[in-house]
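Chains as they are written, first to last, in the numbering used here: chain A, 1 to 258; chain B, 259 to 547; chain C, 548 to 853.
Be aware that a few hints might be false.
For lysine-lysine, the following DSBU-like pairs were computed, each having C-alpha atoms within a straight-line distance of at most 35 Å [what the hints assert, rightly or not]:
id, chain 1, residue 1, chain 2, residue 2
1, A, Lys15, A, Lys197
2, C, Lys732, B, Lys546
3, B, Lys546, C, Lys670
Covered, in the sense of this in silico footprint (three residues per stretch, anywhere, with C-beta under 8 Å from a C-beta of chain C), are these stretches of chain B [as the list claims (entries may be wrong)]:
id, segment
4, 369-377
5, 407-418
6, 463-475
Far from chain B by the CB rule (all over 12 Å, computed), these chain A residues [said to hold, decoys possible]:
id, residue
7, Arg59
8, Glu142
9, Lys144
10, Val244
11, Gly255
If you're looking for bench data, these hints aren't it; they were derived computationally from the structure.
Think of the CB as a built atom: it goes at the ideal place given N, C-alpha and C, for glycine as much as any other residue.
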Amino acid sequence: MVDAAPQPKVKVSVKDLAIQYGGKAALSGVNLEIREHEIFGIIGPAGSGKTSFLRVLNRMDEMTTGMTFTGTVAIDGRDVRAWRNLYALRSRIGVVFPLPVGLPLSIYDNVALSPRLRGIRSASDLDEIVERCLRRAALWDEVKDRLQSLGSLLSGGQQQRLTIARALSQEPELLLLDEFSIAVDPVTTMKIEDVLKELRSEMTIVLVTNLVQQARRLADRTAFFLSGAFVEVGKTEDLFTGPVTDPRTREYVEGRFG
Amino acid sequence: MFEARPINRQNQTIERIWRGVFLAMTLVLVIPVLVILGVLVVRGGPMISWAFLTTEPTNGMTEGGVLPALLGTIALVLVALIASVPVGVAAAVYLSEYAADNWLTRTINLAIINLAGVPSIVHALFGLGAFVLFFQFGTSILAASLTLAVMALPVVIVSTRESLQAVPMAFREACWNMGATRWQTIRTVVLPNSISGILTGVILEVSRTAGETAPIMFTGAAFFLPFLPQSVYDQTMALSLHLFVISTQVPGVPDGLPYGVALVLVGIVLLMNSVSIAFRTWLRGRKKW
Amino acid sequence: MAPTPPDDHASDRRNLDWYVDRGMRWIVTVGGVSAIVFIIGIFAFVTREGFPFLFDGFEAGEFFGSPAWRPTSEPNPTYGALALIAGTASVTGLAVLSAVPFSLGAAIYIAEFATGRTREVLKVLVELLAAIPSVVWGFIGLSMMNPLIIAIFDVPVGLNVLNAGLILGLMAAPIMTTIAEDALKAVPDAYREAGEAMGATRWQVTMRVVLPAAKNGLMAAVLLGVGRGFGETMAVLMASGHSINLPTSPFDSVRALTATIAAELGETAVGSEHYQALFTLGMLLFAVTFSINLAADLFVRGVRRG
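Let's have the full structure, built from the sequences with the hints guiding it.
Right, here's the structure in full:
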């Protein structure tokens with residue numbers, strides 16, 4: 001109450017999270033907080049449990065055979081396990097995958113899918129949403145003349161932006177990006193990074209990345225996972241230049257392994 | 259330096275011989291089909307006319323056409339489709355979209371394999387015991403079609419499941435991550451992209467069902483009926499049984515007549531098969547992702 | 548801890564979509580379970596009709612040991628199924644003997660040698676072979692094979708083990724070819740490439756690498772072919788001559804289990820001993836095909852695990 005600077009609001013809080021697949025541990029000991037309107041980076045070599053972490057945030061464990069987790073994950077202070085309608089929880093969280101997924105529907109329907117599932121039927125409302133989301137994802141100019149062609153036949157870079165437009169059409173509070181630049185050319189990557197910087201004012205972004213420099217460019221704070229264990233979390237810049245609690249973090253960000 | 263050594267040349271000769279042997283074996287299987295089809299067309303062809311397809315058999319089934327049998331086969335197949343397609347598609351959706359790898363799924367898969375392997379005459383016994391007697395449908399189109407439907411179920415399930423599973427998992431994941439329920443995902447992305455494959459399977463089912471004889475012999479098909487069935491509780495004639503009857507049970511049938519009936523039956527079956535094959539080829543050529 | 552924002556509760560309601568999803572899950576589960584219900588139903592209803600006979604007229608020694616199937620002889624009907632079993636066995640045996648080599652040969656040619664258009668055409672022809680209805684096969688046995696056998700072998704009757712066996716062989720061949728081809732295709736290309744990189748020719752690779760790797764699937768193919776032949780009804784009924792015989796040569800007429808049911812069921816009164824005896828034959832057929840399919844499934848599973 002008497003803090004000089006108001007603490008930023010916590011969006012996601014994770015306590016003692018551990019994830020298993022068929023009883024085998026995939027990630028453990030995660031304790032961190034993600035603040036509202038920040039870009040939160042997660043770095044670490046392949047197989048360190050980053051994707052599994054994202055899948056817990058929107059409770060995709062429930063759709064994944066053998067996946068279980070312990071500990072608490074709360075979004076806006078509410079335990080994700082407490083949700084009776086998981087689909088409603090997921091609809092508030094946008095996800096972008098490593099490999100772009102343009103659904104085999106028209107470009108228009110790709111973006112209109114989520115609003116339609118939410119019950120929006122009016123053509124003018126849908127038109128407006130589709131255009132707004134495609135513009136925000138920096139794709140509108142390239143596809144505005146062929147909105148009825150298949151989204152799944154776009155180029156990789158375009159499909160990735162379509163995926164982002166689709167995630168934005170959910171009007172998410174939380175946007176999860178999982179190594180989005182893996183299958184995308186550098187120019188598109190830069191375009192998407194610019195989009196993300198703009199989106200920060202509207203939502204909280206969790207950016208899992210295999211590129212340490214990408215985290216450095218975008219993330220306010222960053223967590224480091226290593227082979228199934230949470231190592232540490234801190235201001236992104238601190239991981240590169242400031243004090244680190246674990247020497248492996250510095251070794252990793254400086255490219256000495258991974 | 260790269261000249262073929264003698265051993266290699268010898269190998270190549272052996273290779274060519276084996277290739278020829280395997281080709282010959284393949285031809286032994288496929289040539290009879292062509293011969294059979296040829297004979298059916300040559301001997302049955304002259305029988306086929308508009309009148310043959312649109313008149314009733316007369317004079318103790320030694321003359322006349324096949325109309326009641328043709329309509330009967332169509333009715334039997336249609337009712338069987340109506341009964342088996344919804345159940346079969348539901349089962350396939352369950353197996354492909356909902357089922358976890360547990361004992362229930364394994365049991366269902368085992369049941370499907372066995373359902374496909376049960377002899378057709380045992381299906382006939384089941385149809386008689388269950389539909390004709392126990393459920394008291396009598397010997398009727400309904401009882402015969404339900405028997406055919408149970409027989410055809412594995413065909414529908416297996417082909418539908420294959421087309422559902424041809425839709426990449428990533429599409430489902432993308433929908434689930436947007437908050438779509440499993441059913442919304444199936445309805446918006448999975449089914450629309452597998453419906454053609456499912457149809458292919460259904461056409462194949464039509465082809466198989468139209469030719470079946472044993473399952474309908476005691477459940478609803480009649481040797482001869484002077485009238486057309488009025489409801490699903492009536493008996494009916496059927497092409498397959500008609501062919502059996504006039505080629506084994508009726509004296510004095512002219513030589514060409516059974517060939518004509520066989521040609522009509524094989525024509526329907528192969529037409530359906532060709533449609534199914536053409537449909538499948540077209541599907542394979544169409545790129546949607 | 549911050550109080551839970553009210554809008555969380557507002558959006559966390561089980562809405563119509565949630566219940567529709569739940570409902571559809573139930574519906575399709577029922578569809579899946581129906582397969583189990585039907586297979587149990589087949590067993591139950593066939594047993595239900597045949598069961599009384601097992602306690603009354605049935606004697607295992609007579610059933611399996613006597614060739615005298617005289618269900619209509621009054622006052623002492625006999626139910627010896629040996630000749631029927633022998634009929635089924637001889638016809639199926641000849642069918643498998645004649646079809647296995649050609650089916651495997653065709654599968655090898657289609658999977659390992661044929662390419663492009665040839666391959667597609669051959670596959671379509673095999674599929675058409677599978678599509679011809681069994682009653683048409685029976686008619687072919689009756690009207691084409693019969694005179695052919697009489698002419699070639701100079702025998703009085705051409706409806707016999709040879710006729711039915713060859714017809715059944717042609718009928719069982721497509722299923723064996725298709726499943727065997729699948730089994731060959733399931734062998735990873737890396738095996739073939741490794742073999743060919745060592746300088747082996749295609750047939751050497753096929754013989755030494757591909758066939759051994761696919762042997763479980765090939766075994767399953769043969770078993771399913773056996774099952775197909777064993778359970779076939781109309782073709783055997785029409786082409787085998789349908790006379791009760793313990794065959795001593797391929798030119799003997801025989802009668803199969805399936806054909807007996809098909810031929811006699813129409814003439815029996817529901818619930819009579821004869822009627823029940825025919826259902827007992829059905830139980831035997833069900834049990835044997837069930838075992839064959841189970842065995843084939845185990846072989847296929849072996850392929851997947853291996």
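A quick look at each hint next to the structure:
A hinted pair counts as satisfied when its Cα atoms are at most 35 Å apart, and Lys15 (chain A) with Lys197 (chain A) qualifies at roughly 28 Å. With a C-alpha separation of about 25 Å, the suggested pairing of Lys732 (chain C) with Lys546 (chain B) holds against the 35 Å cut-off. Only pairs whose Cα atoms come within 35 Å are accepted, and Lys546 (chain B) paired with Lys670 (chain C) is accepted, the gap being roughly 25 Å. Closer than 8 Å: that is the beta-carbon criterion, and the segment 369-377 of chain B has 9 residues meeting it against chain C, so the requirement of 3 holds.
As drawn, the segment 407-418 of chain B meets chain C at 4 residues by the rule of a beta-carbon pair under 8 Å; at three or more, the given contact holds. For the segment 463-475 of chain B, the stated coverage by chain C holds: 8 residues have a C-beta nearer than 8 Å to a C-beta of that chain, and at least 3 were required. Remark: the non-interface label on Arg59 (chain A) conflicts with the geometry, its nearest Cβ contact in chain B lying 10 Å away (cut-off 12 Å). The beta carbon of Glu142 (chain A) sits about 19 Å from the closest Cβ of chain B, which is more than 12 Å, so the claim that it is off the interface holds.
Lys144 (chain A), annotated as away from the interface, keeps every beta carbon of chain B farther than 12 Å; the closest lies near 22 Å. Distance check for Val244 (chain A) against chain B: the nearest CB is about 33 Å away, which clears 12 Å, and the non-interface claim stands. Distance check on Gly255 (chain A): its Cβ is at least 31 Å (rounded) from any Cβ of chain B, clearing the 12 Å threshold; non-interface status holds.
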